[in-house]
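S.K.: What follows is the residue order along each chain.
Protein chains: 4
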Amino acid sequence: KTGRRSLSRSISQSSTDSYSSAASYTDSSDDETSPRDKTQINSKGSSDFCVKNIKQNEFGRREIEIAEQDMSALISLRKRAQSEKPLAGAKIVGCTHITAQTAVLIETLVALGAQCRWTACNIYSTQNEVAAALSETGVAVFAWKGESEDDFWWCIDRCVNTEGWQPNMILDDGGDLTHWVYKKYPNVFKKIRGIVEESVTGVHRLYQLSKAGKLCVPAMNVNDSVTKQKFDNLYCCRESILDGLKRTTDVMFGGKQVVICGYGEVGKGCCAALKALGAIVYVTEIDPICALQACMDGFRVVKLNEVIRQVDIIITCTGNKNVVTRDQLDRMKNGSIVCNMGHSNTEIDVASLRTPELTWERVRSQVDHVIWPDGKRVILLAEGRLLNLSCSTVPTFVLSITATTQALALIELYNAPEGRYKQDVYLLPKKMGEDINTALVSFIRSSFCDRNPSSSAHIDVLLCCLSELCFETQEV
Amino acid sequence: KTGRRSLSRSISQSSTDSYSSAASYTDSSDDETSPRDKTQINSKGSSDFCVKNIKQNEFGRREIEIAEQDMSALISLRKRAQSEKPLAGAKIVGCTHITAQTAVLIETLVALGAQCRWTACNIYSTQNEVAAALSETGVAVFAWKGESEDDFWWCIDRCVNTEGWQPNMILDDGGDLTHWVYKKYPNVFKKIRGIVEESVTGVHRLYQLSKAGKLCVPAMNVNDSVTKQKFDNLYCCRESILDGLKRTTDVMFGGKQVVICGYGEVGKGCCAALKALGAIVYVTEIDPICALQACMDGFRVVKLNEVIRQVDIIITCTGNKNVVTRDQLDRMKNGSIVCNMGHSNTEIDVASLRTPELTWERVRSQVDHVIWPDGKRVILLAEGRLLNLSCSTVPTFVLSITATTQALALIELYNAPEGRYKQDVYLLPKKMGEDINTALVSFIRSSFCDRNPSSSAHIDVLLCCLSELCFETQEV
Amino acid sequence: KTGRRSLSRSISQSSTDSYSSAASYTDSSDDETSPRDKTQINSKGSSDFCVKNIKQNEFGRREIEIAEQDMSALISLRKRAQSEKPLAGAKIVGCTHITAQTAVLIETLVALGAQCRWTACNIYSTQNEVAAALSETGVAVFAWKGESEDDFWWCIDRCVNTEGWQPNMILDDGGDLTHWVYKKYPNVFKKIRGIVEESVTGVHRLYQLSKAGKLCVPAMNVNDSVTKQKFDNLYCCRESILDGLKRTTDVMFGGKQVVICGYGEVGKGCCAALKALGAIVYVTEIDPICALQACMDGFRVVKLNEVIRQVDIIITCTGNKNVVTRDQLDRMKNGSIVCNMGHSNTEIDVASLRTPELTWERVRSQVDHVIWPDGKRVILLAEGRLLNLSCSTVPTFVLSITATTQALALIELYNAPEGRYKQDVYLLPKKMGEDINTALVSFIRSSFCDRNPSSSAHIDVLLCCLSELCFETQEV
Amino acid sequence: KTGRRSLSRSISQSSTDSYSSAASYTDSSDDETSPRDKTQINSKGSSDFCVKNIKQNEFGRREIEIAEQDMSALISLRKRAQSEKPLAGAKIVGCTHITAQTAVLIETLVALGAQCRWTACNIYSTQNEVAAALSETGVAVFAWKGESEDDFWWCIDRCVNTEGWQPNMILDDGGDLTHWVYKKYPNVFKKIRGIVEESVTGVHRLYQLSKAGKLCVPAMNVNDSVTKQKFDNLYCCRESILDGLKRTTDVMFGGKQVVICGYGEVGKGCCAALKALGAIVYVTEIDPICALQACMDGFRVVKLNEVIRQVDIIITCTGNKNVVTRDQLDRMKNGSIVCNMGHSNTEIDVASLRTPELTWERVRSQVDHVIWPDGKRVILLAEGRLLNLSCSTVPTFVLSITATTQALALIELYNAPEGRYKQDVYLLPKKMGEDINTALVSFIRSSFCDRNPSSSAHIDVLLCCLSELCFETQEV
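In order, the protein sequence lines correspond to chains H, U, G and W.
First residue of the first sequence? That's 1 in the UniProt record's numbering, and the numbers climb one at a time after it.
First residue of the second sequence? That's 1 in the UniProt record's numbering, and the numbers climb one at a time after it.
First residue of the third sequence? That's 1 in the UniProt record's numbering, and the numbers climb one at a time after it.
First residue of the fourth sequence? That's 1 in the UniProt record's numbering, and the numbers climb one at a time after it.
Simulated from the structure, these hints should not be mistaken for laboratory data.
Please note that a few of the clues may not be correct.
Repeated chains share a single entry, so a pair holds when one copy, or any two copies, can fit it.
To be verified - No more than 25 Å apart at the CA atoms, straight line, and that leaves these computed lysine-lysine pairs for PhoX-like:
(1) Lys-376 - Lys-79
(2) Lys-333 - Lys-79
(3) Lys-376 - Lys-190
(4) Lys-303 - Lys-275
(5) Lys-303 - Lys-321
(6) Lys-91 - Lys-211
(7) Lys-321 - Lys-214
(8) Lys-190 - Lys-303
(9) Lys-303 - Lys-333
(10) Lys-44 - Lys-55
(11) Lys-44 - Lys-422
(12) Lys-333 - Lys-275
(13) Lys-79 - Lys-91
(14) Lys-191 - Lys-321
(15) Lys-55 - Lys-422
(16) Lys-184 - Lys-91
Sequences and hints are given; from them, build the entire structure.
M.R.: Here it is as C-alpha cells:
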C-alpha cells in the first residue's frame, strides 16, 4: 500500500535521496581525491573496480561477516551450491544499494557460479568499506559514497561496457541501469535472459515498457510478494518507527500522545509498537474498513484537527499528499515532533514551512527545529522524507528476505527453458522450473520438518524456508 | 532493587566508567591541549571556568534549549521564581554528569536565586559544548570530556576552593565532592546547610558517615523516591533495552527468542517491551513471587540451561554475579547476543571469556564478537557493562524527574527552619516547610486541576506535578 | 477461511445442530403440548402464528429492547423509514435463527414497509419469548425451540403457503426455505424479485443452482463481505474464546500453557486474546506465511506433538479434519481442556474417544470429562463442536452487522430496476441503485462526518456507517 | 488496596450479601421444606449434619472432583499426609463459603488428621450439592442456600455446641463464628489453640479485640499475604471483569469506550484486560503516582466529567464512596453500562437512582435497566455490588491459593510449641516451626527444582510452591 521501498530511482530524484541506513565507520572526509582519479589495485593484482579506498577492505569484510550471521537463507543456498552451480555461466550486472547485506547476496551469486559486475543505485548509500571488500575478492564494483550525478552514470557505464564481457542477466533497483542499457547499449539485450527488478519505481517503469511493447526480455517483479510487503511494511515499520524516533530525538514514548495518519500495514505497525510502549495513540483514517479495524484494535479514530493541539508526535503513513498542512502545523504545540513513514516526502507539507517568518534550525543530522515567531518549535525529522530509511537501519533479517527472493528470481530466469517466459513482467512462479525447484524445495522443506526444536531457533529455520515462501505465496 | 543509577562514583571505579549516554557532536580529537593549559574568557570577560572550548557555547545552548522542551517541571519552577527567590543567597557547589539536562537544572537554580559552581562526577560524561554554554552565561564550570584522574580532583578543588566564595549547599552524585570537602576543607561544613545526594553509592557513603557519627550536616537522599525508582527502572528500561539493542546490532526483534534473567522492575520492563515487539520471551527467576508474576504475565519461567542453546538474545537484570557463566556462553549458538541491564558489570562472567582460545573482535563501538575456535561468534555488548548507560540515551523526561527532585530538595534544605533537620540522612518530607510547600503545591495542583484537556498533553501536566509527587510518594 | 458461520442448514445436519447461543429464560419443560396442537391468539385477535406460548411476549419484548441498544445501524435505518418506505409492497418470507437480534431486523423491515412471515432455520435456536413477542405485534412467526424434523418443514410450509399472500422476497439462512419453495411451490418464483442468503452452505447451494442453470431469480450473497468475515472471525473469536472457556470451565487463563492449532483469522483472534490475559501460547501451522506471521507476532510455532504433554488447553482453528488425534489425546495431561473454534465438529477426533475403555462423564451442559483407565481426565467442550456457537453468545454488535447487510440487500434487490440483476448470484454492489443509494449513503456519511466527538462514541457512529461499508468494501 | 475479598461478614451486612459466584445446578425451588424440619441420614447412618438434600451428594462429589483438578497444592499436601498427620487430634470448626473449593480444603484437613464441623459464612453462597457430598462422607455440615438470619446463627451454634466434641481450632471468614463463640461459649477458648481468619472484616475485628486486650488466643491473619493480594486483585480481576461483563450483557469489547475509575491493583487488572481486547480505555485517578503509572501505561488520565457523555462502560475500582454520582449518571448516554469492581457497594450512588421519575426494569438476573423519562436506559449491574462476586466465578486456581494458606496456618498454629504465639494477631511466619516446615519446604522445593519441564506445566508446579510462598512473601 504505502511503498516503503519506494526509492524511486530515476536520476532526477531517488538515486540522489539522502540515505543513512548504513553507517560508514571509517570514512574520513579528508580524502578529497575522486576515486575516478585514483589508481588502485587489489591484492590479487586486479584493478577492475573503482571504490573509495581498497585498503578499507578488512573493515568491510567484518561488516559482511556480521551480516551473514542473520542471512541464513542465502547461506543455505550457498551450501547447496557446493554440489550444483545453477548460475554457472551467468554474467550478472547489478545496480543496487551497496551494503554489507548486498555483499552477502553478491557473494552468494558468485558461489552459485555467476560472474558479477556491480554499481550503486543511489549516490549516497554505498558503504565504502564493503565496496572495498567486494573489490578485494574480485567482484568488479564501481561505487562510492557521495558520487556526483556524472559519477553515477559513469559507474553504471563501467559495469556494462567492458571489454570481453557482456552481461546476460540484469539485477536492478530503481530502473536506472535498465534505462541506461536501453539507451546506450540496446544490443546487449540480445544476450540478456532476464531482468530482476525490486523497486516500486523500477517495476512501474517495466510495466510501462511492456505496455508500450518495448520490453524485449522477460522481467521478474520481486517487489510484490506477500512476504516482502508484510516484512517491509508491518513488521519492519513496527520496529523502525521506534528506532527512528529514538535515534533522532531520544524521546520517551511512555505517556506521549501520538496521532498516526493512516491505518494500512505501515500504520498498523506504528500503532502497535507505540501502544505497546505506553503511548496514547490516535488514528486518522478515511477508509471505513481500516477505520473500523483501528477502532476494534482499541485506537480512537479522530480527525487530525480534533487532536492537533494536544498531540506530542504526528506520524504520517497514508501514501497521500499534504496529509499534514501548514495550517495544522501552525496549531501544533511547542516541542511536538512531526515525521513521515509513508510514501515519498509529500505527506507533510514541508514546502509550506519554508517561509520567511519561520526559522529553521538544524539541531542534529536529520533533525530540524522549525521555529515560529512566538518561539514555538516543531521538530521535523528527515525534512519529511521517510523516517525509516533516513534515520534508522533496516534489519539484516528483512533485507535477507529481499535478497533471497532476488537470488531465486535470477536462478529461475537463468534456467527457465526457452519460451517459458515471454517479453513481459512476471511475478515469481509458484512452481519454478522443476529441475531447479524440486531439489531446492525439498532441501528447504527438510530443514523445516526435520528441525531439532531443542537446538535451533525457529526463526532461523523459517528464514531458510523463505525461498520456498517466495514461490508459494506471492499470488495469495 | 537493581540500581540502574548505581554509578558508584568513588574515584576507584565509577567516576571513570565509560559513559556514552550523550553524544558530543563537535568534538574534534585534534585539539590535544589540556583545558588546564588554556586561557579562555567568556563574552562577559570572565575566566572563572575551565572547559574544553568556550567557543562551542552556541551549539551547547541549542542542546540545552532542546532539553528544556521536555523538562516542563523545572521550567514551571522557574516561572514561579519570577515572584519569589527561594534560593536567594544559596551558594551551591555541584558535582554531577554535565549534560544538557543538568544545565537546565543549574540554570533553574540560578533563576531561583542561587550562585553555582559545578564540576563533573565522571571523567567521560561531560558534554563539552554544554559546559561551554554554561560558562558563557556565567556559571563557573570546571569539567571536560576525558579528564585524567588528576584533572578530576583538580576540577573539584577549583569549585570548592575559590577566593571570596564559600558554598553553603552541596549537590552530589556519587559522593566524591562530599568526600573531598570532608578531607580537604572540613571547615567548610560549618556553613553548609545540607547535602543533596542522588546516587546509590553516594547515599551509601552518607549512611556510613551517619552511622559512624561523622555526618556533620543534614543530607537528603533523593535516590529512593518511588517515582525515581519506577522511572529509572521499569519505564525507562522498557524503552532503553530496545534502543540499546538496535543501536548496537540493528537486530530485528520479531520472532527472536530472548531469555531475560531476573523479573524485577528492570526485567519486567525488558520483558514487556520485547514481548510487545514480537519476541518469544523466557524468564529465569529465583524469587518465587517474581517467578509467579512472570508466569501470570505469560512468560515461561525456565532455568537458563534449558534454553541456552536455542535463544538468540540473553539479557541479565538480576543484580547478582555470574548469572551467565563461561560454561553457558560455550553453549550459546552462533550469532547470539549477550548483554546486561542489571547492576554493574558482573552479571555476565566476562572475565572468563578473556582466554587464549577465544578471539575478541571489536566490530563497532561497544560491540565485540567473541569467536570460538570452531568459528562460533557470540556478540557481547558494552563488555557486559550496563547497556542502557553505554549504548542508549536516557530520555530527558526521566532525567527531568530526578532534576526536579534535586531542585526541590535543595529548596527544602535551604529554607528549613533551624533544627528541623539534624545531622542525619533524610528522605524528602511528605510535607515540606509550610511556607514553601503550600504555595508550591497549590501552584502545581492548579496546573493539574485547571488544565484545559483539549489544549495540553497530559504528560506535561503530570510532569509539572512531579514536584508534588516527590513529597507525597517517597514513603509509600 | 474457516467458516465460523458454517451452520450448514441442510435438514440432514445443521438445522438440527445444537445451538445454545441465546439463553431462554422462562422455558419450562413441563409444558409438553406441541405448539401445533395449541390454539393461541394474540391481543389483536390474530392467530396467524405458531409459537410455544404467546403469553411470554412481554419477556421477549424486553429482550428485543435490550438488543436494540446495540444495533444502531438498524435503528438509524428505521428513522429514515419515517419519510420513505423503500420496502412498501415487499412480502418477505424469512428463515433464520429467531433471536432478539433477528427480531430487531424483522421489525425494521416492517417499519420500512414490508410484510413478513418468518420461520426458524434451526430446530433448537428459537428464543420462544422472542417468537411470542413478534407474533404479538402481528408478524406471522412459525417456530419454537425443540421442533421435530416434521415440525421444521411444517413451519416452513405455513410461512410460504398461506391464502391470499404470496412472498416476493426470500431471506434465507442455510437454504432450506429456498429448497422447499423450489421443490413444492416452483410457481412462487415467478413473483420473487430476489433471494438474500447469509450462510456458507446456502450460498454454496445457490452457486450450484446457478451453475446448473436452475437459478430462476437473482440472489444476493451476503456471506462474503470483508466486514462480515473480519467480524465473524478475528474480532468475534478474540472475545468468544475467552467467554466460551470461562462459562464452561471457569479456568484461569494467566500462566496456562495453550496451543492453538491454526493461525488464520480465527487462530489470530484466539492467540491475541489468550496472550493478552497472560497465557503462554504455542501455535501449530502448516502454511508457511501464517507460520511466519505467528512467529513475528511472538508465538512459538511448534508441532503439536512437541507440546502435547505439557499444555493445559488445546484449541483447534484449522478448518481441517482430525487435527487432534486419539493418539495425542492419550498423551495429554490430567485436567487439560480440548475445544474447537474451527469449522464444524471434525477437527478433534471425538469419535475415537467413544471406546469402551474410556468413561464419559457429563459434568455440566456442554462439558464432558473423558476419563482414562488410569484416572486421567480430559475436559472436552461441546463434544468438539464450535465452542463459540455452543458455549458463548455472539455479541449483538456482530449480529447487527449481518442484519444490516441483509436489510440493505433486500432493499437493493427489491428496488433495482428490471434487468439490473439477472438470474445469478451477486455480491452487494459497491454502488446500489442511485435513487436508494445516494440518499442512504449521504445520510450515513453525514452521521459520520458531522458527528460531535464529545457527545457520541465512535463505535456507534461507525456502526451506523456499516451500511455504507457493505457497499464499499466487499470487493476489496 | 481495595479489598476485593471485603466480604465483611457481620450479620448486619455481608453474611446476607447476594452471592452468585458458584452456580447451583440442581436446585429446584419447589422444595420449600426448611432443612431444619427434615430428617436426613447419610449412607453411613449418620444424621449429624443439616443440608438441603443429602441425595444431591453425587452431583456435589463431581463438582468437588472438578475443583480438585485445579488445586494441586492442596492435593500435594494430602499426599504428604499419607506418612504424617500434622493435624491428628485437631478439632476444627469452620465458617466459610461452602463451595466445591472449600470442600477440597476440608477434605484435605481431614486427610491430615483433623475432625471438622462446618457452617456457612453467608446465607446465599452455599452450594447445596457440595454440602450434601461433604455430609455424605462424614463431615458435619450445617448450611444451605437461602438461610434466614435465624438459620444462620442456628447453624453456627450446631457446629460449636455438640455433645462430646469441643473444637480446638477455629477457621473463620468474616468473624461471625468467632463472635458467636466469644458471646455464647467463652469457655471454649480455653481449649482453642488458635483462630485463622481470612477476611478483611474478620481481621479488623481481631485487631480490635487485640487492642482492647480481649483476644484470648493467637490468631493468624491470612488476608494480608502478598500473593493473596496480587491474585485476588490484579490477576483475578483482569479476568473477572471480562467474564462478569460478558455473562451479564454479552457486550462486545472491541471499540468500546470505557472509563475505569481508580488505577490501583484492581484498576490495573481491568485496564489491561479491556485494552488488550480492543477497548479504548480512560482512567480517573486522584493519586498522582497511580495517575502517572496509568499515563506511562498508555491510558489517558481524565476527570470523569470529561468523558461521561461518550463512554460506553464505567467501571469503579477506587474503594471510595460516590465515585459515580447521580448527576453523572444523568449525563451518561443511552445503553451505557455501569458496574463496580471496587470495595463494597458504595462506589456508584445507586441510592440516588431510586427516585420516582426513574423506572427500574430487571432484565436478567443481576442486570437492571434504569430508564430515564426520555427513554434513555443505563444498564446497572449487580445493583452496584461487586461485579466479580455477583456475576462471575472466582477461578478455582485463585481459591486454591487462599485455601492452601489457610491449611498451612492451621498446621502452624496447631503444631507450634507453647509460647511461640501469644494472644495476638500474627502474619504467617516466614519460617514455621522447623519440624513442620523443613520437611514441607524441602518437599515443595524439590517439586519445583526437579521438575521435568517437558512433562508438566509450570503453573502446576508453581502452585505447589505456594505453600512455600506463603511463608516467604507476606512480609515483603
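S.K.: All the hints need checking, so say for each whether the structure fits it.
M.R.: Okay, the hints, checked on the actual structure:
Taking identical chains as interchangeable, the C-alpha atoms of Lys-376 and Lys-79 lie at most 25 Å apart only when they sit on different chains, with a minimum of 17 Å there against 59 Å within one chain. In this assembly of identical chains, Lys-333 and Lys-79 lie within 25 Å of each other by CA distance solely across copies; the values are 19 Å between and 56 Å within a copy. With identical chains, the CA atoms of Lys-376 and Lys-190 are never at most 25 Å apart, being 61 Å at best within one copy and 46 Å at best between copies. In the homo-oligomer, the alpha carbons of Lys-303 and Lys-275 lie at most 25 Å apart both inside one protomer (19 Å) and across protomers (22 Å), since each shortest distance falls under that limit.
Taking the shortest Cα distances, Lys-303 and Lys-321 sit within 25 Å of each other inside one copy (16 Å), while across copies they are farther apart (37 Å). Proximity of Lys-91 to Lys-211 under the C-alpha cut-off of 25 Å is found in neither arrangement, the shortest distances being 28 Å within a copy and 52 Å between copies. For a Cα distance limit of 25 Å, the shortest separation of Lys-321 from Lys-214 qualifies neither inside one copy, at 32 Å, nor across copies, at 51 Å. Taking the shortest Cα distances, Lys-190 and Lys-303 never come within 25 Å of each other, neither inside one copy (55 Å) nor across copies (50 Å).
Proximity of Lys-303 to Lys-333 under the C-alpha cut-off of 25 Å is found in both arrangements, the shortest distances being 17 Å within a copy and 22 Å between copies. Only within a single protomer do Lys-44 and Lys-55 lie at most 25 Å apart by alpha-carbon distance; the minimum there is 13 Å, versus 49 Å between protomers. Taking CA atoms no more than 25 Å apart as the test, Lys-44 paired with Lys-422 passes in neither setting, with 41 Å inside one copy and 75 Å between copies. For the identical chains of this complex, Lys-333 and Lys-275 are intra-copy neighbours only, at 21 Å inside a copy versus 28 Å across copies, given an alpha-carbon limit of 25 Å.
When the C-alpha separation of Lys-79 and Lys-91 is checked against a cutoff of 25 Å, the pair qualifies only within one copy, where the shortest distance is 21 Å, while the shortest distance between copies is 70 Å. Taking identical chains as interchangeable, the C-alpha atoms of Lys-191 and Lys-321 are never at most 25 Å apart, the minima being 42 Å within one chain and 51 Å between chains. In this homomeric assembly, Lys-55 and Lys-422 never come within 25 Å of each other (Cα to Cα): the closest approach is 45 Å inside a single copy and 67 Å across copies. Only within a single protomer do Lys-184 and Lys-91 lie at most 25 Å apart by alpha-carbon distance; the minimum there is 19 Å, versus 72 Å between protomers.
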